[in-house]
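As given, the protein sequences belong to chains A and B, one line each in that order. Using the numbering used here, the letters of the first sequence map in sequence onto residues 2 to 702. Using the numbering used here, the letters of the second sequence map in sequence onto residues 2 to 564.
No lab work stands behind these hints, which were simulated from the structure alone. Among the hints, a few may not be true.
Derived pair list, reagent style DSSO-like, types lysine-lysine, alpha-carbon separation capped at 30 Å [stated by the list, open to error]:
1. Lys83(A) with Lys35(A)
2. Lys401(B) with Lys83(A)
3. Lys325(A) with Lys83(A)
4. Lys325(A) with Lys401(B)
Residues per chain, in single letters:
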Amino acid sequence: MNGAARAGVRLAADIGGTFTDVVLETPAGRRSCKVLTTPRAPEEGVMAGIARLFEETGLGGGDVDLFVHGTTLATNALIERKGARTALLTTAGFRDVLEMGFEKRFEQYDIGIERPPELVPRPLRFTVAERVAADGEVLVPLDEAGVAAAARAMAAAGVEAVAIGFLHAYRWPAHERRARAIVADILGPRVTVCISGEVCPEMREYERFSTTCANAYVRPLMAGYLTRLAALLEAAGIDCPLLLMMSGGGVTTLEHAARFPVRLVESGPAGGAILAAHLARECGLADVMAFDMGGTTAKVCLIVGGAAERSRRFEVARSYRNQKGSGLPLRIPVIELVEIGAGGGSIGRVDAMARITVGPDSAGSEPGPACYGRGGALPTVTDANLVLGRIDAGRFAGGRIALDADAAAAALAAGVGARLAMDAFWSAAGISEIVEENMANAARVHAIERGRVIRNFTMIAFGGAAPLHAGRLAQKLGIRRVVVPSGAGVGSAIGFLRAPIAFEVVQSDHCLLAATAPDDANARLARMREEALAVVLPAARACGIDAAAIGQARTVELRYAGQGHELTVALPDGRLDAAALAALAESFEAQYERVYGLRVPGSAVEVVTWSLTLATAAAPAARAQAAQPSDAAAPAAPRAAWEPALGRRTAFGVPWRFDRTGAERVAGPALVAEHETTTVVPAGWSASVDSLGNLVMEADA
Amino acid sequence: MSTQADAGGAMLASIHTQVMWNRLIAVVEEQAQALLRTAFGSVAREAGDLSAGVYDTGGRMLAQAVTGTPGHVNTMAAAVRHFLERFPPATMRAGDAYVTNDPWLGTGHLFDYVVVSPVFRAGRLIALFASTCHTIDVGGIGFSAEARSVFEEGTCIPHLKLMREGRLNEDVLAIIEANSRNPVEARGDILSLVSCNDVGAARLLEMMAEFGLASIDALAAHILAQSRAAARAAIARLPRGTWRAAMRLDGYDSPIDLHACLTVDGERLTVDFAGSSPASARGINSPKCYTDAYAVFGLKCLIAPEVPNNAGSLEPFEIVAPPGSVVHPSRPSPVTARHVIGQMLPDLMFGCLAEAAGGAVPGESAGSIWVLAMARDAAAGAPFNVMSVGLGGTGARPTKDGLSTTAFPSGVGGIPVEVTEAQAPLVFWHKEFRPDSGGAGRHRGGVAQRIVVGARDGGGFTCAAATFDRRANPARGRSGGADGARGRVAVETPAGQATYEGKGTIVVPPGGRRVVDLPGGGGFGDPAARDPRLVARDLANGLVSPAAARAVYGTHGDPEGGR
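Construct all of the structure, not just a fragment, from the sequences and the given hints.
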């Protein structure tokens, strides 16, 4: 863990679209605050939050031992297409790879779809004669004069960033490197130059070029922001190490983050998943489904064996109903999660088949749900929860927003009820059931894709809207235990403080396993280790972590030659020899049989990608002690609310979460209230608070 | 009080019905995912050429997963009914599964095995699950349009019992394996079909337990009635009348004419393909089930895109075609590359609807995908056999330009050059937009591409040309829009380029390159009405040449309008 070596004072800041969350942890406890994000100069919001926490705690800059930071800045620049004026230099004959994309429609029946606009328009896509074959043979030497001419044209066009992407450079980057030297020479140090073989050394030209262009596109902006932030931190006397949260769940140095800012997208959700993984270890849970539900979307991530599942395929800035294929592909290490257009602001409607639909569009915060009274007329999930009695109109968002139940009822009746001859209450019940059903279906399909059986998982629910729906969602999935951590509203920032210093280096290969020479493999892995060490070591040293405490995980993705089912096989420690490589084939085939039910005798096994990850140890988990259950005291002021499992309204107890002690058990149906949210404990379930303050709900036997 | 409770009960029942409908759609999506994860062929996996669905005991399709190809929409709906004729419900036992790849009884060519599994609850048949996927090899001459009859195309498995009360019928599998060049994968695909049906069945039974259902008949009736009503209401919004459209295609050795006559009669819609050409001697014929699928797909895109596919929503669409025609071939016409005809049908449907929909209909697209099957046998050097695809432009939409290098109506995408080059000693020297290929119009047709491929080792190779249509007959513009550029194929040698006109196998000599110019999409509306800023943008992007800008759009690229 990043600060494990010294249990000092640690700061984390998560810049989101609306709010910037700042968390300060000291041996004495945790303080957090939310300040409004300051889009034009996001560092100001961060500093304001820090100042507020310093004021509250009496601490100062010199007291802080570590600062971990995550931001949606890069993501927003990509979504809003507000990055640098970027040029692409590519192999002659391949000017349009970026614009052709996957050459497919992402939606079958809508003839009106548009592809997302490419980051580099055609006039800024330059080509140069050069060609390297798949096996590295130079078919056409690099036309250096052509590169220089292109660079001069780029200068004339006023570009601020350059991406260079040549075919097969994932494996053979020499031409790209030479071209970078020429371009950098002509354009000077003020223009960013990124090459695909460094940013994303993976086969498949479109995804690699897309990733490289995105990196170049956001780099000037991110480098500028990080430099300004570092200066402000220094001025505030915060001279501790600054680490940046990456999408893959690890943290890295500012210098490295500024070089590869594309790896910073989606750091917020990564923080949430890291927190859930940490909680899973604290609670001793092997298989966990992290469920995060906010205002516009819900996210589900599987955590197996204490670690969030990861992948290297991600899509940013989806432009069409959050649909796969409508965004820009990025091949970077990411926490694997599924995102569903289901949040508190999701809008309920009735379709042509008289079915209630919910989302994926959201009322957002402006105008927001009808009950906010800001002019929203369409019924949302939050309106439904209010009318169903789950939300206390007077205590929503800590009492900062007064809710208008009549406006919610009117919107429900008009937007859903009128078409179905239902009153506001039943319309609300329908919206609630459908949104929970949608999330359950997405979670189940996600689990199937990953080869997991979701009913055996424990759910960890966080984010403002998750505790309202977690119980019902669990029932639908056959899950019998749900954990709602405290402080879930700033979960991502807390997660940043639990993240390891980590970096993954990957290298596509494509050769038969039988034809792989052990010496070549060892040399390649040694180079990859050097590359990862160069990133991890400085950050570890800054945090006082010894190099010996850095762990290494090496894997290789293998498949039957010509097939697409890649499976990841762990490499043994130490040098690989012929026997070790032969053993890999057997591991692959055994795993293949486990997953697909058969082997394919006579098929050669092919190496697709080598991967090496260096990471400091995960945050040590304080083991939570389960509460000793006893009968609860009679809850005060019960409230009538919708209980879907009973199919009717019934009386719910309304205990205050922080009145609970470990010895008390709350029997459902109950609405466990706290400042920022309410946890719905279904009938037939009961809840208690464990020794770490987590609310744990379980289905009665 | 009791009336209130009754009203509440009715509301609750209505909500539960909606939840169960959603669940049923999720169940078939899970079924499809389970198949996608374990299917073997790259066509199934990369292109999503597979399907999964759930049916009531009468064989009526209740829900179908949305996968990569529309070609399975009605084919699957019809296939299960054929199974029921051969295996009546009274003869079905728990643990049975049935199989066929008969193009006329399944989904249109031998490559698609269809497996149907009955589901029992408390000893009673309650539903059927069906699935299909494109398997790698079924014997015969392989994936080619060259066969002269279906007998040459591979091995046909008639309706047979694949599982008997939980036990695999190894006899059937032995026949399938013995007749495939990839027997292990063929077996794997069949087993994947069985197990994905089991995944669906298990999830359906869970749902029935959750909601305490003994049968899904009431749910099925609701789904079919609501969907039928929604489809009928959508059709009823069209004016009544009869409209005709025709389209000429290059065909294999002679041009093919497709004729369609669309009649809207209140809430029903009939398409009659009378007058269409007789079946081709080569395997580009579209069996009736496949014709139904693509015709209805085209119609639904414009009329009722939001209505899910099931027996209810498909019912108001009636498709009629003369037996023995290219859109309703009889046995033993060859059908492997059925998509060459089938994927042109949405454009023909758009043609019929152009007037009915008040002109708000896209121009024609490049249509059926060009399969770039490149190979060399051992006699000519290091042997290889790879398949890539070539995609042209889609037609301009009534309010915007067409999509460049994108398949329509197929959902298939391109294959990365780096992937193909890692599989075979080929070099792609060029894969770039083809300027002036998008049909001119107020909205421009999608731009096509040029693909140039040679062999690295100096050897020659061959390339099948059977699927390369729209070389003589371009994608036509709509409402005054110009046609898209015609497709073109050539062999390039140091002596120059020689255009290849035929549909047979192209032979690229040692040192030569194969040049493919894909067809562009048709334009929409009068080119003179195009926003000069868009013409200027196309000029700056090099997608329209200065000469074409002057000749077609009458502008020199001055955004202030030098028309």
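So, going through the hints one by one against the coordinates:
1. Lys83(A) with Lys35(A): Distance of about 26 Å is within 30 Å: holds.
2. Lys401(B) with Lys83(A): Within the cut-off at roughly 24 Å; holds.
3. Lys325(A) with Lys83(A): holds, 22 Å
4. Lys325(A) with Lys401(B): Judged against 30 Å, a Cα distance of about 22 Å means the pair holds.
Violated hints are absent here; each numbered hint is respected by the structure.
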